[in-house]
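Colleague: All chains should be built: construct the whole structure from the sequences, respecting the hints.
Residues per chain are reported as follows:
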Amino acid sequence: MPSFFDSDDEDASIPTRPSGRRDRDSLPNHASSSRTSSPPSSSSFLDRLRSTATPNRTNRSSSTAFTTLDGSSTGIKRYDLEDVDEEGPSNVNINGLDLGGRDGELGEGLEDFEAYQFEDDNDVKQLIRAWMRERGTRDIMLWEGELLDTVLHKVEQQGSMLELLRSDPKTSEEEHFKLQLVSTEVERVKYLIRSYLRCRIDKVERYSHHITLEPEVQSRLSELELHHARQYTNLLHQHFSSSVLNSLPEWLRRMDDVGNDGTSMVRQPNKEIPVLIHVLKDCGEVVLSDGERASLEPESMHLIKYELVERYVRLGWVEVL
Amino acid sequence: MYGDDALQLVLESRRSALTSTLPKYSDPLIRQICLETRQLDSHIQSTTSSYTREELNSPENLGVVAGLTVHHLAARRNKRCLMAYLAGRVDGVKGMYWEAGGGVAHLLASDRGASSLDEGSSNNNNNGNNNSNSNGQAGPTTTTPHGDNTLDLRSRLSPHELDFLLSYNDLILSYKTPFLSTLDLSSSISSPPGELYVDVQVVKDCGVVWTEMGQVEFRKGSRYMVRRGDVERLIVQGFLVEV
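Each protein sequence line maps, in turn, to chains A and B. Going by the numbering used here, the letters in the first sequence line up with residues 1 to 321, in that order. Going by the numbering used here, the letters in the second sequence line up with residues 322 to 564, in that order.
Keep in mind the hints are simulated off the structure, nothing from the lab. Predicted model, so just to flag it, every value in this text is computed and none were measured. Ideal Cβ positions, reconstructed from N, Cα and C, are used throughout, including at glycine. Be careful, since some hints might not be right.
Said to hold, decoys possible - Quick list of in silico lysine to any residue cross-link-like pairs, SDA-like style, CA-CA up to 20 Å:
(1) B:K415 with A:L276
(2) B:K415 with B:L483
(3) B:K415 with A:R230
(4) B:K415 with A:G159
(5) B:K415 with A:H227
(6) B:K415 with A:R253
(7) B:K415 with A:L235
(8) B:K415 with A:R267
(9) B:K415 with A:R206
To be verified - If you only want the chain A side, here are some residues facing chain B, beta carbon under 7 Å, derived:
(10) D149
(11) L152
(12) V155
(13) E187
(14) K190
(15) R194
(16) S222
(17) L226
(18) N234
(19) S243
(20) N246
(21) S247
(22) L248
Said to hold, decoys possible - Part of the chain B face toward chain A, derived, beta carbon under 8 Å:
(23) S379
(24) L403
(25) R477
(26) S479
(27) L487
(28) N490
(29) S502
(30) L504
Modeller: Right, dumping it as structure tokens:
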């Protein structure tokens, strides 16, 4: 079983990051941290997850594990170290190679049975998918609160772990180098989270008035976002009123007029915008606006109006690119 | 003609959107349009009050009805143009806010990094609350005096827009506070981080900064290799330049 500090060749895999699309692809592999770290034989994934749930305990045990790593570390201690150091390069390397099967099983247990099952799955990959979906569509997607909490918690853990190991005088030169790799990964995961949140906040602000009127949309937001939407709507209306509306005749002061061409002042997501999708699971046929039929077969790609595939996007049967 | 001023306003907005600049708030023009709209309104009011409903429905008063319609549409169009202008500016202000990494004080104190950093409340909030993070956020501990630019943002905004910006900052702060223990939402998202460390050149003195390696004094002209997270803010604000 590979542990955090014992493999050499992963150094070569340290990404010189390419840009653009390729970059997005490379992110998952290197940033993948948590769930796929190899579990010691029999313990289930959930057990391990729980075992990392209390930061105090983890810190303590991991430091013990670290100092005794080369010597007579017991199975338990080693096991703890790996839990916390999920981002170890060696673990990253084995991701998606020989652990695919096991992770598939885990996925089934954890995900909604209707949603598409991914072969190899972990928090960061899920986050990347949520992020892509969010960025690819105009509409606001379901808030991935649980996932985000997990990832944030792990990032925090990693942070304190790194600090601990870095300040440990016993940490060798080479290990310091590896620590840097780990912290690069942490930074990249943080970037993901930030981008995801910012993308959502942008949408929330864009459609804030619409959100305050539609309970259905509200159900897709986090409480924080909902609060923000309400506050922002107020702020915007206040700003418009004090700038201009108050000096207009009374019948022109409303914020929800509908123009002569049918354009409403309340901005809504335009679901007719086409999205580029990659089909993962057979979605049958969709009827296009001109009456034509298109079949969404697995592994095919389409440029199609969002409203036609909205359902499948939410289920995760198609990926938005 | 009715609506000419409004058209001019929209054109101005369009121009600023295309060049992504934020020109001075055209207060006189807006007042003009508001005045015109009020005049239109009083026309409408006086016309409607001098005719009864039956009179307006009769065929010989068709001209009056047509006039009313034109006035009405012009007033509504004026409003729409005003709203469009304001909304466009709000987007512009928000864009600048995010670009500056959420540092309102910095944004208002200088134009496009032409001046210095202000130890305003927003910066304190951004940098201060970060204690469980190994990255140890950098907060400049000293400030340098700054000269006000005549074209600074503050003078280009209307007082209401300034209020808006400040309240917006409060909103964003309260949104991002729960995340601050792990990450600062306002940092740049233009590209995924590739390297942990950056080679920076100091172009403006910014005093002593806490970094991962302890205190570093950034003197103008010198070069350092530092953690990106530690100095991100200083790069955004124009104190350091990546080499």
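Colleague: Evaluate each hint against the coordinates.
Modeller: Against the structure, the hints:
At most 20 Å may separate the alpha-carbon atoms for a hinted pair to count; K415 (chain B) and L276 (chain A) exceed this at roughly 29 Å. Restraint check for K415 (chain B) and L483 (chain B): the C-alpha separation of about 11 Å stays at or below 20 Å, so the hint holds. Note on K415 (chain B) and R230 (chain A): the hinted pairing holds, with a Cα-Cα distance of about 17 Å set against a maximum of 20 Å. For the suggested pair K415 (chain B) and G159 (chain A), the alpha carbons sit about 31 Å apart, so the restraint of at most 20 Å is broken.
Simply put, K415 (chain B) and H227 (chain A) have alpha-carbon atoms about 19 Å apart, close enough for the 20 Å limit, and the pair holds. Taken as a hint, the K415 (chain B) and R253 (chain A) pair is broken in the structure, with Cα atoms around 24 Å apart against an allowance of 20 Å. Proposed proximity of K415 (chain B) and L235 (chain A) is supported: the alpha carbons are some 13 Å apart, at most 20 Å. With a CA separation close to 17 Å, the supplied pair K415 (chain B) and R267 (chain A) stays within the 20 Å bound.
For the hint pairing K415 (chain B) with R206 (chain A), the CA-to-CA distance comes to about 12 Å; that is within 20 Å, so the pair holds. Because the closest C-beta pair between D149 (chain A) and chain B is about 11 Å apart, greater than 7 Å, the hint is violated. Given the 7 Å rule on beta carbons, the hint for L152 (chain A) holds: about 5 Å separates it from the nearest Cβ of chain B. This hint holds: V155 (chain A) has a C-beta 5 Å from the nearest C-beta of chain B, less than the 7 Å allowed.
For E187 (chain A), the interface hint holds, the least distance from its beta-carbon to any beta-carbon of chain B being 5 Å, beneath 7 Å. Taking 7 Å as the C-beta contact cut-off toward chain B, the hint placing K190 (chain A) at the interface holds, the least distance being around 5 Å. At its closest, the beta carbon of R194 (chain A) sits 5 Å from a beta carbon of chain B; the interface hint therefore holds under the 7 Å criterion. Restraint check, S222 (chain A) versus chain B: the minimum CB separation of about 10 Å is more than 7 Å; hint violated.
The closest approach between the C-beta of L226 (chain A) and any C-beta of chain B is roughly 11 Å, which is over the 7 Å cut-off, so the hint fails. Restraint check, N234 (chain A) versus chain B: the minimum CB separation of about 9 Å is more than 7 Å; hint violated. Interface restraint check for S243 (chain A): the shortest CB-CB distance to chain B comes to about 4 Å, inside 7 Å, so the restraint holds. Against a cut-off of 7 Å between C-beta atoms, the interface hint on N246 (chain A) is violated, since the closest Cβ of chain B lies about 9 Å away.
Evaluation of the S247 (chain A) hint against chain B yields a held restraint, the C-beta minimum of about 4 Å falling below 7 Å. The restraint placing L248 (chain A) at the interface with chain B holds, with a minimum CB-CB distance near 5 Å, inside the 7 Å limit. Here the hint on S379 (chain B) is broken, as its CB sits about 25 Å from the closest CB of chain A, past 8 Å. Because the smallest distance between the Cβ of L403 (chain B) and any Cβ of chain A comes to about 5 Å, under 8 Å, the interface hint for this residue holds.
Hint status for R477 (chain B): violated, given a least beta-carbon distance of 15 Å to chain A, over 8 Å. Below 8 Å, beta-carbon pairs count as interface contacts, and S479 (chain B) has one with chain A at about 7 Å; its hint therefore holds. Taken as an interface hint, L487 (chain B) does not check out: its beta carbon lies about 10 Å from the nearest beta carbon of chain A, beyond 8 Å. Taking 8 Å as the C-beta cut-off, the interface hint given for N490 (chain B) is violated, the closest approach to chain A being about 11 Å.
For S502 (chain B), the interface hint holds, since its Cβ comes within 8 Å of a Cβ in chain A; the closest pair sits about 7 Å apart. Among the interface hints, the one on L504 (chain B) holds; its C-beta lies about 5 Å from the nearest C-beta in chain A, closer than the 8 Å criterion.
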